[in-house]
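Undergrad: The listed protein sequences correspond, in order, to chains A and B.
Counting with this note's numbering, you get residues 1 to 352 for the letters of the first sequence.
Counting with this note's numbering, you get residues 1001 to 1567 for the letters of the second sequence.
Simulated from the structure, these hints should not be mistaken for lab results.
Certain hints may be false.
[Said to hold, decoys possible] Short, incomplete list of chain B residues facing chain A, as computed with Cβ under 8 Å: (1) Val1095; (2) Pro1096; (3) Thr1100; (4) Ala1101; (5) Met1102; (6) Asn1338; (7) Leu1432.
[To be verified] Calculated Cβ distances over 10 Å to all of chain A for the following chain B residues: (8) Val1105; (9) Thr1164; (10) Val1304; (11) Ala1322; (12) Ser1341; (13) Val1471.
The beta-carbon is built from N, C-alpha and C at its ideal position, and this holds for glycine as well.
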Amino acid sequence: MGEIEESVSAVEAVTLNALERTAMDSESPWRSSLQQLRRNRAAMIALGVLLFMVVVTLLAPLYAHDIAHDNPFASNLQGRIKIGNHYRSVMQANTQGLGLGVTPIGPTWDFSKYFLGADELGRDVFARMLYGGRVTLLIGFSSGLICIVVATVLGMLAGYFGRATDWIISRLLDIVWAFPIYLLAISLSVILVTSGLDLGIIHIGAGSLLLPILIIASVYVPYVARPVRGIVFSLKEREFIQAAIASGASDWHILRKEILPNVAPSVIVFFPLMVALNILTESALSILGIGVQPPQASWGTIINDGLQLLYTRPWVAIGPGVCIVITCVALNILGDGVRDAFDPRAKLRGSI
Amino acid sequence: MSRLKSMKRWGVILSSLAVCSFGIIAVSASSPAGASSGYQSKHAGGTLHLDATAAGGTLDPQVNYTLQYWQLYQATYDGLVSFQKVGGDPSFDVVPDLATAMPKVTNSGKTYTFTLRKGIKFSNGKAVTVADVLGTFQRLFKVSNPNAGSWYNDIVGGPACVTTPATCTLKGGVVVNAATNSVVFNLIAPDAEFLDQLAVPFGSILPANTPPKDQGDTPIPGTGAYAFTSYNPNSALIMKRNPYFKVWSAAAQPQGYPNEIEMTFGLPVESEVTAVENGQADWIFDPIPADRLSEISTKYASQVHVHTLTADWYAPMNVNIAPFNNLKARQAVNYALNKNSLVSLYGGKELAVPTCTILPPAFPGYLQYCAYNSNSSSTYAGPDIAKAKALVKASGTLGDKVAVVAQNDPVDESVGEYIEGVLNQIGYKASLKPLSQNIEFNYIQNTNNKVQISVTQWFQDYPAASDFLKVLLNCSGFHKGSDNSINISGLCDKAIDTQEATAETLELTNPTAANKLWGQIDKTIMTTEAPWVPLFNPKLVDFVGKRVGNYQFSLQFYMYVDQLWVK
Chain A
1 MGEIEESVSA VEAVTLNALE RTAMDSESPW RSSLQQLRRN RAAMIALGVL
51 LFMVVVTLLA PLYAHDIAHD NPFASNLQGR IKIGNHYRSV MQANTQGLGL
101 GVTPIGPTWD FSKYFLGADE LGRDVFARML YGGRVTLLIG FSSGLICIVV
151 ATVLGMLAGY FGRATDWIIS RLLDIVWAFP IYLLAISLSV ILVTSGLDLG
201 IIHIGAGSLL LPILIIASVY VPYVARPVRG IVFSLKEREF IQAAIASGAS
251 DWHILRKEIL PNVAPSVIVF FPLMVALNIL TESALSILGI GVQPPQASWG
301 TIINDGLQLL YTRPWVAIGP GVCIVITCVA LNILGDGVRD AFDPRAKLRG
351 SI
Chain B
1001 MSRLKSMKRW GVILSSLAVC SFGIIAVSAS SPAGASSGYQ SKHAGGTLHL
1051 DATAAGGTLD PQVNYTLQYW QLYQATYDGL VSFQKVGGDP SFDVVPDLAT
1101 AMPKVTNSGK TYTFTLRKGI KFSNGKAVTV ADVLGTFQRL FKVSNPNAGS
1151 WYNDIVGGPA CVTTPATCTL KGGVVVNAAT NSVVFNLIAP DAEFLDQLAV
1201 PFGSILPANT PPKDQGDTPI PGTGAYAFTS YNPNSALIMK RNPYFKVWSA
1251 AAQPQGYPNE IEMTFGLPVE SEVTAVENGQ ADWIFDPIPA DRLSEISTKY
1301 ASQVHVHTLT ADWYAPMNVN IAPFNNLKAR QAVNYALNKN SLVSLYGGKE
1351 LAVPTCTILP PAFPGYLQYC AYNSNSSSTY AGPDIAKAKA LVKASGTLGD
1401 KVAVVAQNDP VDESVGEYIE GVLNQIGYKA SLKPLSQNIE FNYIQNTNNK
1451 VQISVTQWFQ DYPAASDFLK VLLNCSGFHK GSDNSINISG LCDKAIDTQE
1501 ATAETLELTN PTAANKLWGQ IDKTIMTTEA PWVPLFNPKL VDFVGKRVGN
1551 YQFSLQFYMY VDQLWVK
């Protein structure tokens, strides 16, 4: 997690610079940062790629229903498709030698039928990849958002109130921090994905997408909360905060009106990075079979399906793998752009 | 498929009273000749390299219940009797091994008298005595043998040994006489399968001073042609020739060919296949991955051996909870699943055969019929989705939630996903619950887990219909709240139990009539109860190295490792 620590330093620098600029410039730092981001061509291309991935995956039902004319969640082991003037079985029995084995049809490179071929159940890999992208992106963005919100709240409370509040929150974060991220995520997944989560009034079923979202969000909380806490500690000593306290403003007011706006740029810098990390974590868990559960599909679960077809139908695994790479690279480039926009002097990369 | 699944229940017992004819399909040439049909010393020597992704657990033959090591025990241990070391049907025959002859059976089938051979030594040089035989059977209870309470408790004193293993003496149950070298077993009641239970590795005769606890990684001396010399579950298991071995019965324990047999652990199965293709390994224990089957069956056809197994893949439905406490719902699932699709998932028609019956084809008692079919044929033709949907509607279970439990290995999970899809198609709200291979089999047995339908397998313990019908579908196999409730569907029908008891009694006097009755029981269970969906009967693929010769396949213990030529 060296990259995250680099990012922490960068984020602290960003915040302090933002504060300095706030003091010096009459122009809104938000507006100038956004303008700078818009001028960053690489970041804008990355944003375009991301938007393209989001839109394309959102169109998955349209593609499956109106173009491929299939149900990517139903097996098609006895199916046949017409290619040219010939009908071919979706699952092709080996007729050579001893006749052992059945191989799914390979890529047809025709969007109207099995563009990337079929998986072990005869399902359209390309259509599943689009549906899987929805799930992967949903988990990545929502767990990133939950992580950032929870971490920001915890960091602000610990940093602002200090003393016992800080001690309790910091020790809780230390406990989570003490575990290697993947080990913790795998442990939680193995337990929760099998039995679900039952906390009395809250019950989440074993196959629910909420489980990987919450697991992934929770394991990364300390990595955002601790730098936020550090930033708030610094802010607390600043004159404008002291002035607010002296003027009798409530804690809630100070946190909301004085602290949060100054922490927000740091949090925004973190967000693309966390989304990319979360997508990778979800994929890793799903490849291990303890992330997204059938019948749901994610890019990770499709790669898992493809592992048993690696020698004969590598595109089942390569397709979603490429999607993960493109999305994560785009998120990193965008993250760099966001940091550059909020602090032009920051040269550290917060990439994965 | 994982062949380790056969750990669940993989013993092999011959019903000595049953006259059985077993089908075996060897796609490539595998010698029908017996291992004992003339030793060819010119092929002796060399090191046989076997690969397995992981070790098979404890090396103790009285504890280990895996095919992986039972195959190796054939060359390292002997019982008083053993299954004949030949290929094909005769491999089901029990022959004298450490005993001079088959036992004299008296007292209405309750007393078995053996005479121990003289002059046989363990691999540590110590002579085998009747005290070792007595110690072996006492130890069997002391180490909590997996089947001590179900097989060997027939011996007088056995029940007490099950209750208090530490003080087990088997007094009156196993009586030995050093002067005459005789060993007498007294049973509580006649048991047609007793000899078969002696012939499996649990009955291996071990030195009397073997500590009465699981020996784990420490090899125990045996009497076979080979002895385990080192075992590290993280790296390798080594077998070398037993320096004290001399052939006393080639049918029971033939001389082996390689000087050394080495099973290496740790390679992924894909790499194992490549190693055999490249001549770096001679055989792999693990099942061939689906994406390599076409390759090996075309480019390496002469090195591939395929054999039909007497085993079932099936989907047990819990007859005690909704929705499958409704017969129509269970029949609907039987009509709906396309077994040809499932065969395709398993690797195609050369690797599995769709089935409608509980007993595998060519098994004692097998009766060909197909109660749930797209036509009236007695062989499986296809699903009838319309009838399935109608039955679901008529059962009043339409829209019920159903969770399909399956192991999370590729084939099991695919089968589970397929079943989940079909259940959704016929009107249920189905979901899949994939579980680790380590826990699924016990999980689906425990009624506390409220498993509605699952995917599992059953490999024969011995060629007798009771091993499927009585073990898997009898009230005695159903234990609420237990991880060892092998009657997974929970079917408990006293009328069927009575029929099964009748068939068992009949086996002692009229095996033919008994088998006919077993066939009828099979049909009755499926037509009136439908507690399972029988899916298909699998086949086994052995992939051996190019240099390997003399491949022979036992119906009981599969490939004879020690009979392979590497020279």
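Undergrad: Check each numbered hint from earlier against the structure, then list the numbers of those it violates in ascending order.
TA: When the structure is compared with the hints, numbers 1, 2, 3, 4, 5, 10, 12 turn out to be violated.
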